[in-house]
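Full structure from sequences and hints, please.
Protein chains in written order, with the numbering used here: chain A, 1 to 365; chain B, 1 to 365; chain C, 1 to 365; chain D, 1 to 365.
Derived by calculation from the structure, the hints in this document are not laboratory data. Treat each hint with caution, since some may be false.
[Stated by the list, open to error] Quick look at which bits of chain C chain D covers, simulated, 3 or more residues with Cβ under 8 Å:
1) 125–139
2) 198–207
3) 262–275
[As the list claims (entries may be wrong)] Simulated pairs of lysine-lysine, DSS-like, Cα-Cα distance not exceeding 30 Å:
4) K148(D) x K148(B)
5) K64(B) x K64(C)
6) K21(D) x K62(A)
7) K143(D) x K21(A)
8) K62(C) x K201(C)
9) K269(B) x K99(A)
10) K99(C) x K308(C)
11) K269(C) x K94(D)
12) K269(B) x K94(A)
13) K269(D) x K319(C)
14) K148(C) x K148(A)
15) K143(A) x K21(D)
16) K64(D) x K64(A)
17) K64(B) x K62(C)
18) K21(D) x K64(A)
19) K319(A) x K269(B)
20) K94(B) x K269(A)
21) K21(A) x K62(D)
Small disclaimer: the values here were computed from a predicted structure and weren't measured. Glycine residues also receive a C-beta, built at the ideal position from the N, C-alpha and C atoms.
Protein chains: 4
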Amino acid sequence: MTSNSFGNIFRITTWGESHGKAIGVVIDGCPAGLPLTENDIQDALAVRAPGQNPYTSPRTEKDKAEIYSGVFEGITTGTPISIIIHNQDADSSKYEAMKTILRPGHANFTYLEKYGVFDYRGGGRSSARETACRVAAGAIAKKLLATKNIRFITHLCAVGNIQAPASEDFAAISTQKSKSALFVGDAKTEANMIAALEKAKTAGDSLGGVVEFIVLGLPVGLGDPMYEKLEANLAKAMLSIHASKGFEIGLGFSAATISGSEHNDLFVKNETGISTSTNRAGGTLGGISTGQPLIGRVAFKPTSSIQKAQETLDLQGEKTTFTLPEGSRHDPCVAIRAVPVVEAMCALVLIDAVLMARSSRWELP
Amino acid sequence: MTSNSFGNIFRITTWGESHGKAIGVVIDGCPAGLPLTENDIQDALAVRAPGQNPYTSPRTEKDKAEIYSGVFEGITTGTPISIIIHNQDADSSKYEAMKTILRPGHANFTYLEKYGVFDYRGGGRSSARETACRVAAGAIAKKLLATKNIRFITHLCAVGNIQAPASEDFAAISTQKSKSALFVGDAKTEANMIAALEKAKTAGDSLGGVVEFIVLGLPVGLGDPMYEKLEANLAKAMLSIHASKGFEIGLGFSAATISGSEHNDLFVKNETGISTSTNRAGGTLGGISTGQPLIGRVAFKPTSSIQKAQETLDLQGEKTTFTLPEGSRHDPCVAIRAVPVVEAMCALVLIDAVLMARSSRWELP
Amino acid sequence: MTSNSFGNIFRITTWGESHGKAIGVVIDGCPAGLPLTENDIQDALAVRAPGQNPYTSPRTEKDKAEIYSGVFEGITTGTPISIIIHNQDADSSKYEAMKTILRPGHANFTYLEKYGVFDYRGGGRSSARETACRVAAGAIAKKLLATKNIRFITHLCAVGNIQAPASEDFAAISTQKSKSALFVGDAKTEANMIAALEKAKTAGDSLGGVVEFIVLGLPVGLGDPMYEKLEANLAKAMLSIHASKGFEIGLGFSAATISGSEHNDLFVKNETGISTSTNRAGGTLGGISTGQPLIGRVAFKPTSSIQKAQETLDLQGEKTTFTLPEGSRHDPCVAIRAVPVVEAMCALVLIDAVLMARSSRWELP
Amino acid sequence: MTSNSFGNIFRITTWGESHGKAIGVVIDGCPAGLPLTENDIQDALAVRAPGQNPYTSPRTEKDKAEIYSGVFEGITTGTPISIIIHNQDADSSKYEAMKTILRPGHANFTYLEKYGVFDYRGGGRSSARETACRVAAGAIAKKLLATKNIRFITHLCAVGNIQAPASEDFAAISTQKSKSALFVGDAKTEANMIAALEKAKTAGDSLGGVVEFIVLGLPVGLGDPMYEKLEANLAKAMLSIHASKGFEIGLGFSAATISGSEHNDLFVKNETGISTSTNRAGGTLGGISTGQPLIGRVAFKPTSSIQKAQETLDLQGEKTTFTLPEGSRHDPCVAIRAVPVVEAMCALVLIDAVLMARSSRWELP
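In structure tokens, the structure reads:
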């Protein structure tokens, strides 16, 4: 129940402030026997890395993940895996000016009210830098799942009012996404998004966006009824990501607008067994995976930090105007960088569900 | 991590099948000292009770909640509160015909695949009847919160494509809702919803809907950063409700379509201290309550059980047609009955956050 | 973390006061597929039942366990199993006189200080009657374990200063115990214990005792390193039993008095693989089962309720003398009735460890 | 439930292998507002440090604890505190020879059987070096508790068959212990222990021992009934320490040998309120603290690593003789170094109980 841990059997605990010595994650409950190297983690972080396109903030540091424990001779040992990413490019001086200002859309107000003390430098603990730890841990979860042929396609499906067309051609989305700096699965949509982002950037403003996750290869039976439904844990995972404001599975909010006969997926038989002819449910029934693709979306608000001046208060409650210091780095759209984070959280939910599912039946002799 | 419990300090565990002897809930961690009677629970159940309008299923039983433990001379004692609701109107014979059929949109397929055995009578454990236990437990949470002036307005804001107009006149919503059999906060919208429901009913079909929760009177500082954000726990709570498909807080998915300067709530000073001039965030920043109203929405799919015939398979994978037996009772729109359940889950998340918040600071002597 | 639950994957939650309507237990996480009847539970309760010998309190009720959920057509379904035992013989009038008295060795003082309210009737929640719920849940755990040939021998090995001789002839202990109303594995010792108990009873006094658990048939590899060591969870389980004051595994406190060369068990090869020539460790190394018999002991204080008059205070802090009302029923030695409770808790720890162990290794394709 | 974490609200997670890059601990749930420096941790580690007397192993490294997060400008912020101790003196070459040998009394057998892989260097994860992390976290817990006047006296009360005399002169024990390299509270006993240790050392052997904890200044009401009894959590904490074999509270196993009239503590009134004239219970009733000193003992087996040659097997099951390599460092009595670890675990249990106790009562307006 402590707030910096996620998962039950495969459980991560993250720590660290944006401008402290380092950030890190401890993964407890990773099964023994998985080949794992620092490169596995590094590759995952590279995808998330800031500065790889003009629409994510140009932090120049190269995050380097070091595995401090839990791996011996290249194999996970069943003991906790500690991964540490040292902070190398943390110039806090810019933040001095913001120290006493309540930043609109930021958490410094609530942290201060709750705790009475706040490491304001770079957003401290509330910085999205923490998500690097999720991506690192998610890389391990994904590697485990990959050995069971479970694979992920996560893409940016909306920025502002630009939306990717609905499509179930997962292969096409995956191919196009792999070529896209913005993780977009449709070339034309990406071009439109870039135009919108350029416009927002010029205006000193930011845009919201939506990330869609698609998971293929899941067996039937993952997720536990009632309070540990697969979608319940996914929802929690996604709403724990910085700047997320909504979650839906399958048709989601659109499901609320149609009728039962339009929504129900009908059971059919195919070569591999029982399936459904459509997948409006998004891959679960009663909180348990159906074997269909797991599909859902996460909404992200526009980046709170914008270049435009904003009226606000200082800590004493006096009116002031907040303007980002020159050269401050901020993404015009946090949803872009959220794509690998959504994928990581999805993997963390699923590996836990896979491990839990081992206890659902008793084998009589 | 067991799947039938929810909450950390104030923790509920529900049990029971729809057509078993009873259903029940054990509430562990309720603080001592709260006056509590069976009537408190009964009143909450009455709101949820089936059969009170033509659009929820006409189950004629009168659920009666009995408190079996944890209350002494009308006061909670700090020991577990066990509440039991006996099943009185459980004619399982109708379900015999459905026993071997994979019902579209239902969980009998996934339960059977996962566990190898399923109490199919009345939907067994997967029946929404379980939500009576949530409402019973939520009544206690709400009573605790009420002593701190925290109050709830939860209303049905959409059915099919009928949507209530956006409004921040919470008093008007509350007043109108209290007169509405469908928990709708706007009279004209309700009339339109009823027309839509009638049409669906006549067609042997069902409709989806959206429930909005509004919580007033929250202090600043509830919710814990990172993985126990208030909205993360709310999202999990809501996606654990039967038939829910989406969750959003504040502007939610709409936030993804606008710019940062349109979304950021600006800090202002008012008579009671620091506030924000708008509440697009929906009452949290960084996962911690801001003191603004907590507002969000939950999407529900249309009821899976419909009168219309549907093509499906039996357990052997043979094609068959599924038609609900004559006289089967089913809500044309599950979102109606979900209103008190959303409110109950909201209260459960909040009472836990209130109790957790007691540990956030250390008082030095 | 709530205080009325035990276990992680196989998790029990108990509720109920001694003189309330009923007591009960919800078992969540029991795997599907185990044949289970009310008789399985009833048989376990019969062993524990009061009144079966002159040295446990003559409560005449016949506890009847009813399964309310989680079993369908005689098979566990993976959903929560709710077991309820109604209280039938609960005459609270005797307790009126004690209502305002701080009973020496009892918990009414601490409950009142902690909660401000206490259901004093029959000891309320602090009554050892709660252990019936543990025995009921333990019966299920034992039945699961029995299918893997894991079996239990738990016996009373000391009463006051009468101690059973050390013995590794488990078959003899088991045989003799099954004939003993006091669960003693050695006939001569039992005779001496009976003499000591008679003497204590005549003096209006009580005696402490020690219970030893022996578990045979465990595989290597149960228990998790560090904070979930098998012996750590056993210790918690045992110290959670009413009136227990100590726990030891293997040689326990005696191990502290000898040398390493006297204590180390040496590895040897036998027909079934690697074993140790002795079992001073009691069946674990590093918190993980070795495949040797799991052996340990639990110390119980003498029953607090004695016939002898005792000086004490009333709730106002005024001096008074406490004498048990005529005809009050109390065991002269709680350790006797604790024997099946120790066995049940042992089984609960082990079934959880068995289920957890399924996640320790990842099978590569 | 993951095995490398302990505590609920104040929760530690430790990681690291003896000869890896570092070991560390993440403390989540430490309340904000406590002044904390690296020196606070360092001072605690110094007490535990190896090499400070001839009877603990002469590892020459100087453990240096670094705080990586969770403290800002000298004050805890409510975010996770990450403490890292780099491994500096880790010559693994000596362990090469032992790599293929099942070491008597060691965990390499069970780890290998459970996980299929084991970092054997320096005992890997099973090394008692992990206890440095407990001591570091315990230092924070102790500092919090000290602000409420809760203080600890933990001393070595037995080595082999040398036992300290029973005494309730806590001040004398404390004073003498502070002068003792072995943490012994009685000078004469210490001399005898040293003689016994010298003898064991000369014989290439080791000795077991017993550690007693005494906690003063506790309020009434800590600990939760049933499965979170104070003594239950203490028992788990203590049996999670390397080489521990038993736990008792109050009179412990001796309580089993006496009568109720000899054991019951009688309530009396003194200047500060209600107290008991004796403290045989050791500070709890019904699992809840009484306000009396909390007293108990933990038994440790003799160090498994001894100079004497021992018959054993290699990993292939072939007979071999195990002799510690020349110059291997091992404590002749692990109980000595366990003293600060017992104290740390005790503090961790208590701080969690203190934080939990904040939720036991609801304050009506």
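Now for the hints, and whether the structure bears them out:
Only residues whose beta carbon comes within less than 8 Å of a beta carbon in chain D count, and the stretch 125–139 of chain C has 3; three or more means the coverage holds. Residues of the stretch 198–207 of chain C lying with their CB closer than 8 Å to a CB of chain D number 5, which satisfies the three-residue condition for coverage. For the stretch 262–275 of chain C, the assignment as covered by chain D holds, since 10 residues bring a beta-carbon within under 8 Å of that chain's beta-carbons and 3 suffice. With a C-alpha separation of about 28 Å, the suggested pair K148(D) and K148(B) falls inside the 30 Å cut-off, and the hint holds.
Annotation: proposed proximity of K64(B) to K64(C) holds, straight-line Cα distance about 23 Å (limit 30 Å). In summary, the hint linking K21(D) to K62(A) is supported, as the alpha carbons are separated by about 21 Å, within the 30 Å threshold. For a cut-off of 30 Å, the pair hint linking K143(D) to K21(A) stands: about 24 Å separates their Cα positions. Restraint check for K62(C) and K201(C): satisfied, since their Cα atoms lie roughly 24 Å apart, inside the 30 Å limit.
For the given pair, K269(B) sits about 19 Å from K99(A) by alpha-carbon distance, which is consistent with the 30 Å threshold. Restraint check: the Cα-Cα separation between K99(C) and K308(C) comes to about 18 Å, which is no more than 30 Å; the hinted pair holds. As the CA atoms of K269(C) and K94(D) are separated by approximately 26 Å, the hinted pair is consistent with the 30 Å bound. Our distance criterion of 30 Å between C-alpha atoms is met by K269(B) and K94(A), whose separation comes to about 26 Å.
Restraint check: the Cα-Cα separation between K269(D) and K319(C) comes to about 8 Å, which is no more than 30 Å; the hinted pair holds. A threshold of 30 Å between alpha carbons decides the hint, and for K148(C) with K148(A) the separation of about 28 Å falls inside it, so the pair holds. The hinted pair formed by K143(A) and K21(D) meets the criterion: a straight-line CA distance of about 24 Å does not exceed 30 Å. For the given pair, K64(D) sits about 23 Å from K64(A) by alpha-carbon distance, which is consistent with the 30 Å threshold.
In summary, the hint linking K64(B) to K62(C) is supported, as the alpha carbons are separated by about 27 Å, within the 30 Å threshold. Between K21(D) and K64(A), the direct Cα distance comes to roughly 16 Å. Compliance with the 30 Å bound is thereby established for this hinted pair. With a C-alpha separation of about 8 Å, the suggested pairing of K319(A) with K269(B) holds against the 30 Å cut-off. Restraint check for K94(B) and K269(A): the C-alpha separation of about 26 Å stays at or below 30 Å, so the hint holds.
Between K21(A) and K62(D) the CA atoms are separated by roughly 21 Å; this keeps the pair inside 30 Å, and the hint holds.
Hint compliance for this structure: every hint is met.
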